[in-house]
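Chemist: Note that the protein sequences, when read in sequence, are chains U and X.
In this text, residue positions in the first sequence follow this note's numbering: the first is 1, and each later residue adds one.
In this text, residue positions in the second sequence follow this note's numbering: the first is 1, and each later residue adds one.
If you are wondering where the hints come from, they were derived from the structure by calculation, not from laboratory data.
In this text, a Cβ means the ideal position worked out from N, Cα and C, and glycines have one as well.
Worth double-checking, as some hints may not be accurate.
Said to hold, decoys possible - Computed list of chain X residues with no C-beta within reach of chain U, every gap over 10 Å:
(1) N38
(2) E152
(3) D188
(4) S195
(5) G245
(6) V247
Said to hold, decoys possible - Simulated DEER-style distance windows between Cβ atoms:
(7) U:D340 / X:K141: 35 to 41 Å
(8) X:I180 / U:D370: 28 to 34 Å
(9) X:G113 / U:L349: 55 to 61 Å
(10) X:P115 / U:K383: 49 to 55 Å
(11) X:G113 / U:K383: 16 to 22 Å
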Amino acid sequence: MNVHATTTPTRTAAEQALVDGFAARVSDFPGDAATVSARDEAVERLKAGLPTRKVEAWHYTDLRRLLAKVPPHDPTAGVEPLAPVLPDSAILAVRNGIAEAAPAIEGIEIVRVAEALAEGRMASLAPLDGDDVVTRLNTAFVTDGFDLLVAEGQDIATSLELQNLHAGGQVHARFGLKAGRGSTVTVVERQAGTGEALSSSVSEVTVEDDASVRWLIVQEQDAGTSHMAQFRARLGRNARLTLFIMNAGGRLVRQEVRVDQSGEGSDFQLRGVNLLAGEGHTDVTMVLDHSAPHTTSTELLRNVATDRAHGVFQGQIRVDRIAQKTDARMACNTLLLSDDAEFSTKPELEIFADDVACGHGATVTEIDHDHLFYLMARGVDEKTARGLLVKAFLREVVEELDDEPVVEALEAKLDQWFAEHG
Amino acid sequence: MLEIKNLHARIAEDGTEIIRGLDLTVKAGEVAAIMGPNGSGKSTLSYVLAGREDYEVTEGDILYNGESILDLDPAERSARGIFLAFQYPMEIPGVATMEFLKVAINAQRRARGEPELKVPDLIKKVREASGSLDMDMAMLKRPLNVGFSGGEKKRAEILQMKLLEPKLCVLDETDSGLDIDALKIVADGVNALRSPDRAFVVITHYQRLLEHIVPDTVHVLSRGRIVKSGDKSLALELERGGYAGIVGEAA
Numbered sequence: 001m002n003v004h005a006t007t008t009p010t011r012t013a014a015e016q017a018l019v020d021g022f023a024a025r026v027s028d029f030p031g032d033a034a035t036v037s038a039r040d041e042a043v044e045r046l047k048a049g050l051p052t053r054k055v056e057a058w059h060y061t062d063l064r065r066l067l068a069k070v071p072p073h074d075p076t077a078g079v080e081p082l083a084p085v086l087p088d089s090a091i092l093a094v095r096n097g098i099a100e101a102a103p104a105i106e107g108i109e110i111v112r113v114a115e116a117l118a119e120g121r122m123a124s125l126a127p128l129d130g131d132d133v134v135t136r137l138n139t140a141f142v143t144d145g146f147d148l149l150v151a152e153g154q155d156i157a158t159s160l161e162l163q164n165l166h167a168g169g170q171v172h173a174r175f176g177l178k179a180g181r182g183s184t185v186t187v188v189e190r191q192a193g194t195g196e197a198l199s200s201s202v203s204e205v206t207v208e209d210d211a212s213v214r215w216l217i218v219q220e221q222d223a224g225t226s227h228m229a230q231f232r233a234r235l236g237r238n239a240r241l242t243l244f245i246m247n248a249g250g251r252l253v254r255q256e257v258r259v260d261q262s263g264e265g266s267d268f269q270l271r272g273v274n275l276l277a278g279e280g281h282t283d284v285t286m287v288l289d290h291s292a293p294h295t296t297s298t299e300l301l302r303n304v305a306t307d308r309a310h311g312v313f314q315g316q317i318r319v320d321r322i323a324q325k326t327d328a329r330m331a332c333n334t335l336l337l338s339d340d341a342e343f344s345t346k347p348e349l350e351i352f353a354d355d356v357a358c359g360h361g362a363t364v365t366e367i368d369h370d371h372l373f374y375l376m377a378r379g380v381d382e383k384t385a386r387g388l389l390v391k392a393f394l395r396e397v398v399e400e401l402d403d404e405p406v407v408e409a410l411e412a413k414l415d416q417w418f419a420e421h422g
Numbered sequence: 001m002l003e004i005k006n007l008h009a010r011i012a013e014d015g016t017e018i019i020r021g022l023d024l025t026v027k028a029g030e031v032a033a034i035m036g037p038n039g040s041g042k043s044t045l046s047y048v049l050a051g052r053e054d055y056e057v058t059e060g061d062i063l064y065n066g067e068s069i070l071d072l073d074p075a076e077r078s079a080r081g082i083f084l085a086f087q088y089p090m091e092i093p094g095v096a097t098m099e100f101l102k103v104a105i106n107a108q109r110r111a112r113g114e115p116e117l118k119v120p121d122l123i124k125k126v127r128e129a130s131g132s133l134d135m136d137m138a139m140l141k142r143p144l145n146v147g148f149s150g151g152e153k154k155r156a157e158i159l160q161m162k163l164l165e166p167k168l169c170v171l172d173e174t175d176s177g178l179d180i181d182a183l184k185i186v187a188d189g190v191n192a193l194r195s196p197d198r199a200f201v202v203i204t205h206y207q208r209l210l211e212h213i214v215p216d217t218v219h220v221l222s223r224g225r226i227v228k229s230g231d232k233s234l235a236l237e238l239e240r241g242g243y244a245g246i247v248g249e250a251a
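When you get a sec, could you build the whole thing from the sequences and use the hints?
Modeler: Dropping the structure here:
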């Protein structure tokens, strides 16, 4: 009898494509010796296989099963430019993995990530923990991006739009922002493309003392694209960060949010809308550390899911022993618009301080029939009435941004999604 | 204009029959008051007229201008000119009142083959209509009915009625929750809309409203049927003797 005692499971097609893709491209990747070893280490871990639902952080997104296809990078793919979400933004575009020449913006130093890697200036290539597959994937394959340094005290009036664009194949971009003490800046992170693709992106933000950053992620990938993204941030004393996430596309999307409120008195606001349609699987996973006293945060997500779409929100708030007077509130509300749509929510509070206010709530509902009847009784046809109610549900989150041009631009994005999927 | 024939209707969810063989005819230009004690089926009648899904018609018919409306959904009924002023208007967060009015007015105009109103024309129209109801335009920027007082909600209902220009207006206990000043404003709004080609079904528990909206006919509803009909003097009779006498007499 012939018994195979091997412990290495057979690689999936996607896993094999990643391993082969790395071997084929490694000699072209930018980076100094430290970068090379970070890439090697990352890919060695990927070789052991993608996480399955047995890994807690990936329980609702079985990456090994869901990442069905990893197309090779296509150096010839032509990527069309994209108009910015906020009018008059300065665009910093990474097209098909290559950062274009950046415009000069007063008060900001802009460095291409390919250069930073070559000079060994990208400090944060290491994963945040053992399950940080997104960073590993990105570190192994990253080609380019932008690293921004906003000088102390600068109030940047022009909003910046960072674009990671593709036209099929593979792209892996990285963005960095350091907002110097007392500075203010608004950044849009745009993730978009067309066709079968694997896209990854890691953004690392440092908000120094008294600085204020507003960061808007607008993800509108193609229905054939898998998108693995991470947003990480560290907040200094009295720093303020507002993160808005709009997921409006993609076949398989994982958007991680890792925020460390290490500065006393810092404030973090997360607002998100997930617009889920088709066969898409979209996972927003947040780990938020309140690691200093007097820190405040609220997280509010609104989701709509139709067709056979599946959404996930995992929200973990960890309050350190020293983080007294923390005030953290988290809510996740979902409207299911079809019988086959699904949304899984997992809130988790880990509180080690004894004088804090923390709360969370989650709801999954259908459209309120009384509301629908009321609108229809005024002559609004059922489709339009449903659209009005769903938009109203989402708008409440968008309007909280309380900045007219931003709200208008995001509402236009909502309208665009409804025109395609409503 | 409206002919209800041997109507039977029940709650869809549990099958409880509420309307049990109701007959009623309302002519164009007429104001018909429906009065009845709690639980007699007044609100159910208004919902069935408007086409609410929670109720099933099991027998009989509702003819509007000679045609059955039972197969029409609430939006289609509304587009044909049927309007229900709600006893408890819904609060709808996130939908600005003005935006809602724009969508509703233009939905009806489209259904009637009329061109949509542009925003400036719409605002002008709304301003004219709201002035006589003593409504503040600032209120219209707020989400629909959210945080409105009872009186403000009812005035908003009448405002919608004025703007949508329906042919058959069903008022479900429009007087509930109104103080006398608000009642007068609402009644004046309704009276201003009275015309030979428009009919009203005014559903109320109390005679009070009928002092301000004087009906042509009064019908007493009990256990899902009209048990007595008369002119406005019937309402006064009810006020004096209560429902017990009439309802008992008919039983």
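Chemist: Please go over all the hints and tell whether each is borne out by the structure.
Modeler: Tested hints:
no. : hint                        : in the structure
1   : N38                         : holds (21 Å)
2   : E152                        : holds (16 Å)
3   : D188                        : holds (22 Å)
4   : S195                        : holds (20 Å)
5   : G245                        : holds (35 Å)
6   : V247                        : holds (30 Å)
7   : U:D340 / X:K141: 35 to 41 Å : holds (38 Å)
8   : X:I180 / U:D370: 28 to 34 Å : holds (29 Å)
9   : X:G113 / U:L349: 55 to 61 Å : holds (57 Å)
10  : X:P115 / U:K383: 49 to 55 Å : violated (21 Å)
11  : X:G113 / U:K383: 16 to 22 Å : holds (19 Å)
The structure shown violates just one earlier hint, number 10.
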